[in-house]
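S.K.: Please build the complex by placing chains X, H and D on the supplied structure of chain Z, with the hints as guidance.
Protein chains: 4
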Amino acid sequence: MALKTPEQYKQALSQLRPNMYKFGELIQDVTTNPHTRRTVEGHSQLYAAALNPNYSDLFSTTSNLTGETVSRYLAINTSAEDMIANCKMKRKAYHLTGTCTGGRCAGYNALNSMWVTTYDMDNNMGTDYHGRLKDWLRYAQDNDITVSGALTDPKGNRSLPPSEQEDPDMNLHVVDVREDGIVVRGAKVMICGTAAAQEVFVLPGAGYKEPDKDYAVAFVVPKDIAGLTIVEARHPSDAREAEEGFDAPVGIGGITQAYLFFEDVFVPRDRVFLCGEFKYAGNAVMNFIMPYRAAIGGCVAGQGDVMAGAAALMARANGLSTKAFNERLIQMYVNNETTFGMGVAASALGKAHPSGAWLTNPMLANVNKVHVGTLPYDTKRITQDIAGGIGETGCLPSYVDFNDPRYGHLVQKYLKAASSAESRAKIARVIEWLTLGGGVPGCMHGGGSPEGAKLMIRLNSGLEESVEFARRLAEIEEDVPEPAAKK
Amino acid sequence: MALKTPEQYKQALSQLRPNMYKFGELIQDVTTNPHTRRTVEGHSQLYAAALNPNYSDLFSTTSNLTGETVSRYLAINTSAEDMIANCKMKRKAYHLTGTCTGGRCAGYNALNSMWVTTYDMDNNMGTDYHGRLKDWLRYAQDNDITVSGALTDPKGNRSLPPSEQEDPDMNLHVVDVREDGIVVRGAKVMICGTAAAQEVFVLPGAGYKEPDKDYAVAFVVPKDIAGLTIVEARHPSDAREAEEGFDAPVGIGGITQAYLFFEDVFVPRDRVFLCGEFKYAGNAVMNFIMPYRAAIGGCVAGQGDVMAGAAALMARANGLSTKAFNERLIQMYVNNETTFGMGVAASALGKAHPSGAWLTNPMLANVNKVHVGTLPYDTKRITQDIAGGIGETGCLPSYVDFNDPRYGHLVQKYLKAASSAESRAKIARVIEWLTLGGGVPGCMHGGGSPEGAKLMIRLNSGLEESVEFARRLAEIEEDVPEPAAKK
Amino acid sequence: MALKTPEQYKQALSQLRPNMYKFGELIQDVTTNPHTRRTVEGHSQLYAAALNPNYSDLFSTTSNLTGETVSRYLAINTSAEDMIANCKMKRKAYHLTGTCTGGRCAGYNALNSMWVTTYDMDNNMGTDYHGRLKDWLRYAQDNDITVSGALTDPKGNRSLPPSEQEDPDMNLHVVDVREDGIVVRGAKVMICGTAAAQEVFVLPGAGYKEPDKDYAVAFVVPKDIAGLTIVEARHPSDAREAEEGFDAPVGIGGITQAYLFFEDVFVPRDRVFLCGEFKYAGNAVMNFIMPYRAAIGGCVAGQGDVMAGAAALMARANGLSTKAFNERLIQMYVNNETTFGMGVAASALGKAHPSGAWLTNPMLANVNKVHVGTLPYDTKRITQDIAGGIGETGCLPSYVDFNDPRYGHLVQKYLKAASSAESRAKIARVIEWLTLGGGVPGCMHGGGSPEGAKLMIRLNSGLEESVEFARRLAEIEEDVPEPAAKK
Amino acid sequence: MALKTPEQYKQALSQLRPNMYKFGELIQDVTTNPHTRRTVEGHSQLYAAALNPNYSDLFSTTSNLTGETVSRYLAINTSAEDMIANCKMKRKAYHLTGTCTGGRCAGYNALNSMWVTTYDMDNNMGTDYHGRLKDWLRYAQDNDITVSGALTDPKGNRSLPPSEQEDPDMNLHVVDVREDGIVVRGAKVMICGTAAAQEVFVLPGAGYKEPDKDYAVAFVVPKDIAGLTIVEARHPSDAREAEEGFDAPVGIGGITQAYLFFEDVFVPRDRVFLCGEFKYAGNAVMNFIMPYRAAIGGCVAGQGDVMAGAAALMARANGLSTKAFNERLIQMYVNNETTFGMGVAASALGKAHPSGAWLTNPMLANVNKVHVGTLPYDTKRITQDIAGGIGETGCLPSYVDFNDPRYGHLVQKYLKAASSAESRAKIARVIEWLTLGGGVPGCMHGGGSPEGAKLMIRLNSGLEESVEFARRLAEIEEDVPEPAAKK
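Protein chains in written order, with the numbering used here: chain Z, 1 to 487; chain X, 1 to 487; chain H, 1 to 487; chain D, 1 to 487.
So here's chain Z without its partners, still in its complex pose (with noise of 0.2 Å):
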């Protein structure tokens, strides 16, 4: 069978070579450094459930190329039924972990969208890549790979184009060109998961021009290729993840971000699957973000679901019922809801395409953004409003500080109320974590921003369809004209 255990995963990411740097020193081996082996386990878990029965409709599925049982996170989503799984998939994901697994959510956006548009490529221009991938892909699913997604260049001054920066690498970019493969240089910056990632798929931005070819690019490359440096990103409580006790409060899951440094890195020809195409380099954007908007809904409403849980749990904790929040968790539920339902409206009204892949719906799959960038704001507040003073910041002594010899015993004295002050403590800090800490992903920005997203809304409104329609209405015939641009 293609589906490999967690054992097997981790076993696997301890062979490679190490690139990943952190406070200044070099990560030996991701799975038990501090400050990556938390998310490491969370994809781990990712493994366990594809192989435990409650779950494993959502987090495999049967490969299209082989017919096998592969990790839905490799496979390609052919159906509404398969989107509206992932969307399940994402949510479940974050019930399991407490967080964003963004080592395989993104990889699995990437190479669905480049399965789609190398398709449009090849029958457009001849090319050969819808095969590259396909050969990739297969080795892919029979080895389980975790792959991790990397779009976001570093992009320089925001009023340029790749082409007229100052520096050009401030966008990834081909400097060589050879028989066997490219040789790549630039950076992709803040992306995710990557620590507990076997592979790389890169996408190019979007929006290139003629002058701009060479940046529009996209390959796949294991994490540990030669030119590849790799520096982690550091969180508000990363800290902690050294330490010992409850202070950082999950230990089955955690969030990362990397910057990728790409110094000349040669990228073999069976591994490229876009390179110069740049009128293709929207499209490989378009297709990646549009499942994306839909699933990421899922995601934010598991965060939701455990934001909820954390917040009752205090409240019992308190001594209180949860029937005195009901207004409020009903509202956290709403939030929940309605980023996880628009994700899977965007599943079911999306198209077929005839590389037998299924498009999301654009229009609610870019509305799904905004909520995504909006609600969960909201349901963080309610949050640390029924959670009361200790779920808010900075309102608990540390773990250290909990077990004094001289004074813990008053800190636990005083902490204790209708449950005991380990178990306040602990939901304390997983609010903490939730809302302020390691379980907060990157939902603003993450699959582009929200006024993206109202920009593609607009596009996609149909406002001259409607116009249309009140105008029959009101029985108008004289034609109203946008007014002529000023000159």
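Don't read these hints as lab results, they were simulated from the structure.
Treat the hints loosely; a few may be bogus.
It does not matter which identical chain is used: a pair holds within one copy or between any two.
Said to hold, decoys possible - Think about it this way: if two alpha-carbon atoms lie no more than 25 Å apart in a straight line, the pair counts; the simulated DSS-like pairs of lysine-lysine are:
{"#": "1", "residue 1": "Lys155", "residue 2": "Lys416"}
{"#": "2", "residue 1": "Lys416", "residue 2": "Lys213"}
{"#": "3", "residue 1": "Lys155", "residue 2": "Lys413"}
{"#": "4", "residue 1": "Lys209", "residue 2": "Lys416"}
M.R.: This is chains X, H and D only, laid out in the frame that chain Z set:
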């Protein structure tokens, strides 16, 4: 073919016994009376749409009884696709009529509800209701009739159940059971679209107990049945309907709500679908409101589309580019797509019932009800915001004044902007209609109140499961129970 | 004493030359005509309030011109306390009349604006406007007249300034300057409360430049001056005003908006307060809108108070305790107090002008305008939510049907709940009036649009100062300038 | 002069007996310990501001006891102007420190509360508390000390009153009353700014009855009094405080919250201001929270100003014009001015107390508490939205990695945009600090919860008066009472 033409529909309506009143007058013919003809025109468009190749996939479908093409408004919803088509149909119906076509839509939900409910009753209690419903439905489909749905009882004192009301008629009830049928007394109030209906499908209320069993009754009757008196409710601007000109700006649509008084009405046995089975009254209501609360999201999305179109028209008529209003127009579409999308999601995540019907997802349907009771108010606000003062209440002289021989030229001179005075006046009137007048459906309480929906969200929220997610992540081993209720 | 009685006020109104039209008819006497008498009654209550010891501290004050007790509506606002009293007066005026009393309120802002503006003009340009205004104001106070304020021009094509309009009359302008006065032509539209006014205070628009200088004109005229024709705008339910019974539920208040057509009206010299000084037209508008945007918060708060009261009444009439609605009632008061409080704050943080007037804080006044264009819509929504279906649009038969000898008893039987049918019907009609009808002031655009307010918020925001706070805290030494505009 | 310099203040702090712990270590000197020196710097700036001519009108005032110039933080608030100055001071204090300076602000409210409460007690019960307070206050002003305020008890099981808790110490209480003073035991938790304080002013909880009278106690003690042990709470990123560089981006401000354990602390008689008068415990709390809930609006407005500035800085550093973000920047300022303005309004509409103090308006203060628990969350969301991905959680490598000799040049190369890498990094860190870190005050529950504020809004809402307004307008004569409670 089962589908009727608009003309056939109107002819059938004309032949009903007059039993509707408004402003103290008996309405002789609803197809010509100024207070009812607009809503009849609106419903006529639904007949036209079913025959129009552009819309027939939405407005008609294949009968699961006969295999014939029938109106979707008379069809059993047998799949997620059917239910999604229902959401789309409601959105399109608003585009076509500029308002509610409640004479068919509530009936659709009523007959679908009783399809499921009678099936369950027959299976569990050995009754023969399902067969009776099938017979009636075959007749209804064959004649392509318009069937309104009637749920809301006057209720009297809301803090008392039906059987304890001072006046036993405050909820509609059975007063006699005979061999050949039953006799009912009471009223149904605020019933939408009755003016355009040929029959009325009556459902009971929910929450009934043994002493209330005479109140557990469902049936369908011709609108002109003996003993039924109907009084139309009044709208803010309905006096305009008897006038000439654009003050009643939409000729092809109009909302009506009626009070139906049943004074010992005899209902033949084969038109009775529930009678005394008080435990199923609640099911009948639930099975009604789930698809209703999903699909109403399509309806208010359609309303929002027309508002966006009207607002854009006014901006242009004022000489302004819609670009200046992009942020607000986008917000309108976010609102529209949210209620529409949540309905689609509730459809997609429904499940099959043994009777062959498709049951809508209750959580998502109820969340949508909350949005439907909130977002359209925001959309109306934005419409008035974009339109400027002329789109607010009462800022335009009457049609009579617009055309007055003494000063009408002044009104017209000063109303002219980038479009003609007449176009601006018509747009302003359509905006008034959409935000304050006849185009405003009763979304807040139609299909039940948002507050009721919130209770159901709480019931469906799975809070205890969320609590377990949080407990597991925080590694809390102690039980943290809900506190015991105070004595 | 300067204060007049309601009777004296109405008698004075009756003696004006008839020059107002509605529905094609000349209104002979505004105090008895069904379309104007309600608003006259509303304004009468302001006279009664000034003489009522409970309210006289709000509705009257001491003239800064004569030391006599005068109506606050005719007084110069000379302190924070005065301006706060103005906010409170507007809230109370709504309580007393159930609607807008715009016939005095806009006039108050107009005369206060010109007090400041003429003072500045005289000082800077050597004109003698301030003395003219003082003389007129002394006369107005002595006679305790009702003065409406008129700003809004028809404007024509919004993308063109007055002097470039195809029709030069699209903004009111001076067509002749004579020794003894000026002749003006044009219109003012959507002018509130003119029906109840004795004089009309006309202000120019803003943003005028040299070529527009004929449009920079301010003056005050008797409402019945030769050449002025007034056409009343139509409201959604104004046809009810000519009927009997509770369908027009409030007899002591009513909103009116009118179109005023000036066909070469001669204005005597001593009633002209700005004429050609185009640079001061903007000041006149700013000095008008600042106190207006502050105090309108009191007005909509009063509206919200009445909505909360009406919603609570309906809950009780339905047999329900208001306790069940606490969360929503609290939200209503949060909304009410926010618009009221922001007006108070804008008053408190104002500053003294050399003329003796008190200038409202522009930042807070404009922020309040944004709230005034948003929060009342939410309050209306909650009102309908609490009231249940009967409080929504069009869910109650007419007064005629309520009393019909054939079926009126049925309407009444079934409307009864915990209160009588008549009380429920009256409450429902008041709620309709407040949320869809005559009690809805044009808050969105009254005193200018929220969009205009937002521009002023941006101007007043002190963003660069905020940037410096952030720079200092982050210890950034480099300059981080706004990027140069693209060529 | 009573005002001390920052140096004098820090020197005085250094001389206190060490009794604070963090991370298991006794803090020897709060002015140099990495976990406390930033908050001490923040409070030092308040001393500097009082001596700075630009700010002295806000930060100092004239003592009503001595006529001398004293810190406003130690002055009795005697007028609306005083209270408005307090609101402005809090806004400015945030600008200066980038965070909460709770070590002085809660003390200000505590001493102002007890000024009023002791006055009333003495008058009604013949006690001599007011004189004791005056004496202490004179001493406090003479020495310009920083006094933190401590209200929150651990509370134990929230469903039980203090006297019924299993552990009687769950609320701080008197365990012995002696001739010369009292002995107290218990704890105060989540107390803000204690690290920077010289004394601690302790207030009781509210809602106490006769059996709880030992819990009704108010007093002030030196922070280093015998028997008092203090444990600092942990913040998300406080491990950074012991590091070099910009990861702890603000050197001149920092928030701390502490747990204070009173193990049989002796309080001399002249420092006790309430002891057993359980009916006044609630007054003490109310008199504390009213000015607190008003003025905290200024604090969060200051936070919002800095967020707007930081967001604008990042936009420019990214090479983008702030014009593209106008809509969102305006929304930030609407939020800021709303909490600030509502505090000003609560100040302006307060009233004089016989003791000479000025009482804040309770309705407006509580409405503001609701806004303070809501709007800043929206402002934070917008900050992250404008800033782009780099402003979200965990998207920037550490300072150590930024400067790493092996790959730091890569981090810097790719962080550069329209500004230097260092500036962008610093701005990103300040945004993290403001939205997820040390600059986030506990606004939700500081000064009590929004839920408690809502209860008070309901009590102050005047609903019955609103009901009467609606009744009068609708001409309803029947009584429509609240339904009797069910038996």
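S.K.: Does each hint fit the structure? Answer for all of them.
M.R.: Hints, one by one, checked against the model:
1. Lys155 x Lys416: This pair counts as between: shortest inter-copy Cα distance 9 Å, intra-copy 51 Å.
2. Lys416 x Lys213: between (63 Å within a copy, 23 Å between copies)
3. Lys155 x Lys413: Intra 53 Å, inter 11 Å, cutoff 25 Å: inter-copy only.
4. Lys209 x Lys416: between (63 Å within a copy, 23 Å between copies)
Comparing the model with each numbered hint stated earlier shows that all of them hold.
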